[in-house]
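Visitor: One-letter residues, chain by chain:
Protein chains: 4
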Amino acid sequence: MMYRSRLGNDLSDITLDYVSSIDDDSEIILFDILGSQAHVLMLKENKIITKNDAKKILTALESLKKEKFDLSSNAEDIHELIESLVIKKAGMASGGKMHTARSRNDQVALDIRMKIRNDINILCDCILDTIESLVSLAKNHQKTIMPLYTHLQQAQGGLLSHYLLAHADALFRDFERLYDAYIRVNESPLGAGPVGGTSIPIDRHSTAKMLGFTGIVENSIDATSTRDFVAEYVAMIAILMTNLSKIAEDFVLWSTSEFSFIELSDEFTSPSSVMPQKKNPDILELTRGKTAEIIGNLTAILSTIKGLSTGYGRDLQQSNLRLGLHLKPPSVHY
Amino acid sequence: MMYRSRLGNDLSDITLDYVSSIDDDSEIILFDILGSQAHVLMLKENKIITKNDAKKILTALESLKKEKFDLSSNAEDIHELIESLVIKKAGMASGGKMHTARSRNDQVALDIRMKIRNDINILCDCILDTIESLVSLAKNHQKTIMPLYTHLQQAQGGLLSHYLLAHADALFRDFERLYDAYIRVNESPLGAGPVGGTSIPIDRHSTAKMLGFTGIVENSIDATSTRDFVAEYVAMIAILMTNLSKIAEDFVLWSTSEFSFIELSDEFTSPSSVMPQKKNPDILELTRGKTAEIIGNLTAILSTIKGLSTGYGRDLQQSNLRLGLHLKPPSVHY
Amino acid sequence: MMYRSRLGNDLSDITLDYVSSIDDDSEIILFDILGSQAHVLMLKENKIITKNDAKKILTALESLKKEKFDLSSNAEDIHELIESLVIKKAGMASGGKMHTARSRNDQVALDIRMKIRNDINILCDCILDTIESLVSLAKNHQKTIMPLYTHLQQAQGGLLSHYLLAHADALFRDFERLYDAYIRVNESPLGAGPVGGTSIPIDRHSTAKMLGFTGIVENSIDATSTRDFVAEYVAMIAILMTNLSKIAEDFVLWSTSEFSFIELSDEFTSPSSVMPQKKNPDILELTRGKTAEIIGNLTAILSTIKGLSTGYGRDLQQSNLRLGLHLKPPSVHY
Amino acid sequence: MMYRSRLGNDLSDITLDYVSSIDDDSEIILFDILGSQAHVLMLKENKIITKNDAKKILTALESLKKEKFDLSSNAEDIHELIESLVIKKAGMASGGKMHTARSRNDQVALDIRMKIRNDINILCDCILDTIESLVSLAKNHQKTIMPLYTHLQQAQGGLLSHYLLAHADALFRDFERLYDAYIRVNESPLGAGPVGGTSIPIDRHSTAKMLGFTGIVENSIDATSTRDFVAEYVAMIAILMTNLSKIAEDFVLWSTSEFSFIELSDEFTSPSSVMPQKKNPDILELTRGKTAEIIGNLTAILSTIKGLSTGYGRDLQQSNLRLGLHLKPPSVHY
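Chains as they are written, first to last, in this note's numbering: chain G, 1 to 334; chain E, 1 to 334; chain V, 1 to 334; chain F, 1 to 334.
Any given hint might turn out to be false.
[Stated by the list, open to error] Straight-line alpha carbon distances no greater than 25 Å define the calculated SDA-like cross-link-like pairs of lysine to any residue that follow: (1) K278(V) - T144(G); (2) K279(G) - Q153(V); (3) K278(G) - G157(V).
[Said to hold, decoys possible] Only some residues are given here: those of chain G computed to face chain V with a beta carbon under 10 Å: (4) D17; (5) S20; (6) K44; (7) Y149; (8) M275; (9) P281; (10) L302; (11) S303; (12) G307.
Note that these hints are calculated values from the structure, not bench results. Think of the CB as a built atom: it goes at the ideal place given N, C-alpha and C, for glycine as much as any other residue.
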């Protein structure tokens, strides 16, 4: 409610609830703090704020990393909440300078890029693990014969290893796709201001370097308005999920009593409340269900950005939250 | 984990996290309790359980209505959690009988139908309020002229009242659509068992009547497998949202400095962090963003049910959670 | 290119190709002619055009019903093509009056409503036929036992008739949904002009009655801008398709050599080019594929109307063509 | 109907119409011929067919390139139609050998990959042209000031060149995305047979090289089953379209009488049938509409492949046709 106080009227509770993104922002808390740290260091290096102010802000930010956030506060978003906490800790005189030469528009774009970058790293790790499992399983099944299907009709004789490696190859393409997306995500929008940059002599390359970006999104309008990288990332996850869904579909079939190719481990099945001996492939089914969910998320993001004119629109907040997967955020308590 | 214990192996934490719907189930707690109360009354009336067992269970259920639930328990879903709490309160001998002649499959179908029924009532109330506001506003603007647009080009002269009533008419169709959907939702699936009914002589019409349904979903396969009513409900909301989104789009345009037809009230705008005098139509933009979100939800639901063979599949759990709008659940503490 | 000539510059071929809807308009030719006939009769009855002019136009329109249209003409759409043909036949003096007190905006809304009305009738007939087949098949299989499935695991014993009637019940809901949509479609937008009506004293109720509508869409802004009825219709078809897709999915499974519940008739399978003895359930698979197509169409329509401000936008042309199913148009040669 | 004759029963007309892809296959005729030419050359080189048979087939295929195809034939798809024409020209003894060691499953995968490869080339050319136009326009507008917007509210002063280059940058990312997709598309599936390869000693690398692929899709199950490259390609187009849609949205706004930043050229507008002086931005609106269409196509493809188990399913036929854009096929008459 900080910025709001400047307008005079407070939002009613119901309106605040409607506009607030605070519940979902937990996933970007750490990135917001890291981004602010880099920003403040740059401001100090370029003598835009004093060393003393910088020190106070940085100390406050560092201490926030270990805190448990109260997300039920009446802040509209995490940027505002963190800013108010920094001001409380560092005092208005110093803390109030943290946001110098920055807008929520470049700030949120930064946070989302950092979050996606992090998610892609986690996902790629998981994909490589899965590929390794498939390859190792294939090694043990070089002589295990099975029917190969087209139209779900037995078509040719084959080997289980052949089947497993087909999916390893598909997942490797998913890895490549996410890596290609990573390259486009990994450019810093920080310093682009609300849309047209800032007249304060900041150094965008410096913050980009500190935060591990390979470069900056040059054009400030582009940097603040575009979410094509979100759409690309979610599209790549949607395709990854369809590949996983195909394996799930196969295994659901294979574990029927009619096919009986495999028996699922108890740890990955659910019993029935009525027929306790039954083993239901719930986890595989949920993989299919979650695939549909991601397809829906992709639809939502594309439908959102389709409708926007150039320049940040709050519509995007809804897609910020739909980064495809709710991966556990890095270790910040909240 | 109750049912699970019958299988021997426990789910690992990560698997439980993957399959659990407990976070989202909070929206159906009250309906699950009400459904169980009706079920237990019917069991007693038909002498399937004793009066004494029924009394203990009903007392336990009634007390749960006032309790704050610990959703961080390791229950897979709310049905299991409630059952375990009832057993704790009523004892295994009595409480263990609550689930007699019932499956999670008919139980969850019941809860969702009750939840949607409730949501439609809330929504229709809101729609009627909005229509009333539009009509009353139109009454005051019978002589306020404005340009009417096609292709966003001024096309003909018109009246603001004419514009407002156009949207009142559209919203009235949304009301009708939801009402039509309500009729199809308002049939009880309870008693259909896992898929093929039960051999225990229950009275499906009795529970349906107690719970305010106009009748039952006759066929037990249909009752447990279908989610067409969810898809219909979400489709109707998606259309409603596009109608609201159109108004939002108009008002965003009208409040630009170029159009300057209207000025948004401070309570419904957000200031800029950089330019505090600026009034941003965030709430209108979020309406457009939420519209995209619902379109995505609809895609997810249709994509889920498209992929299923007949009979309940856990894929549906993901769509259970996507009932279109996160309306505040009725007053149960959790 | 008629209207265009008034602007001076012709569209380049590539632009015409981009904007033209002529290829898809073939589905609404007959409705456009019928709508024009009613409109001209009304103009005459209300003495807006002379009996002589009306006669010439009506004769021209009637003769067009039997003609083969050259859709490769350089007309932008079917309305323009038909108008130019009427002018050729009836002369500019008379034929030029056909479009009096009418805009392409109310005209195209009329054509789409008539087309959907017709499609719903065809579809409902097909649905009833299918229900009849299911019921009659069920009658013959009252003692044919089969396993009932949940999670694709055998869950309970059941009867084939039980299964078949479950789908008959679902299809009957589809029938009801389409019928409910029909009621909202069946109101005439004709006479609404481009957006704000017309000052010429036409009789909207007269054309509505002649064309079999139950009434008119009162508000002219609403009548020309809304496509909620298209979205509703396509949503209902999407749900219908998921119900058909579920049957298709079951039958694909049942016809595998592992399940072997049914054998598909040769007329409904495709052989393999490599293994001629194999019977592939292509038709069932295409039903699933077409379901995905309709879900995509629904996404497209909702995404289109979400992005529009009030008043006709040409964006809608793309959704006009996406009426869900490419049902054979009524017998007009083209 | 060639393959079909082996099954005995012909498809009824209505069934043929349901399963046939012939209308849409026109886009891949040339690629199918080129693929067959490479296949036949390889068969000859590896002495699988005689030089004489190869010559006859190649002569027949070459002559087909110049022929106008009768797509109203009763062939189920273009592969069958071309094979029957080759047999007619080259005789059954020779022509019948063209399909040796090949299945429709690897053949159609090949055709689609060649088609997408071609489409990406055309699209990338167009994108570069557009970028060039934007840059050149920006050069001429380095001093043209304009307001920059956030939330459609004027936010900062800026330059038109700044705006134009933002979109040039976005389009360049689209170029990169398509290029990345190209790399994954450009691997040959030919030789993978129906799903498990072939026992005939073919040389997959030879056909891949002749057809300009950088390599082969190694795993035959993967080669015939996957359509992830189609989904990726359409996703990239969907994102490209949202970028174009944003420009269209801006220009629609800028050409309103309220904004009046630009005046659209007559060649890119449509007049109103009622108000001839009005210039409607139909072409820009259609860009938005076509964006929604592509988003729908993406939904359809993802929803299709989500539902499939491993191995070709005819469901995919529907997505073959939804390659995102209906680019003019290469010059084969049909």
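Visitor: If a hint holds in the structure, say so; if it doesn't, say that too.
Guide: Consistency of the hints with the structure:
no., hint, in the structure
1, K278(V) - T144(G), "holds, 24 Å"
2, K279(G) - Q153(V), "holds, 8 Å"
3, K278(G) - G157(V), "holds, 14 Å"
4, D17, "violated, 23 Å"
5, S20, "violated, 23 Å"
6, K44, "violated, 44 Å"
7, Y149, "holds, 8 Å"
8, M275, "holds, 7 Å"
9, P281, "holds, 6 Å"
10, L302, "holds, 8 Å"
11, S303, "holds, 4 Å"
12, G307, "holds, 4 Å"
The structure is inconsistent with the numbered hints 4, 5, 6, although it conforms to all the rest.
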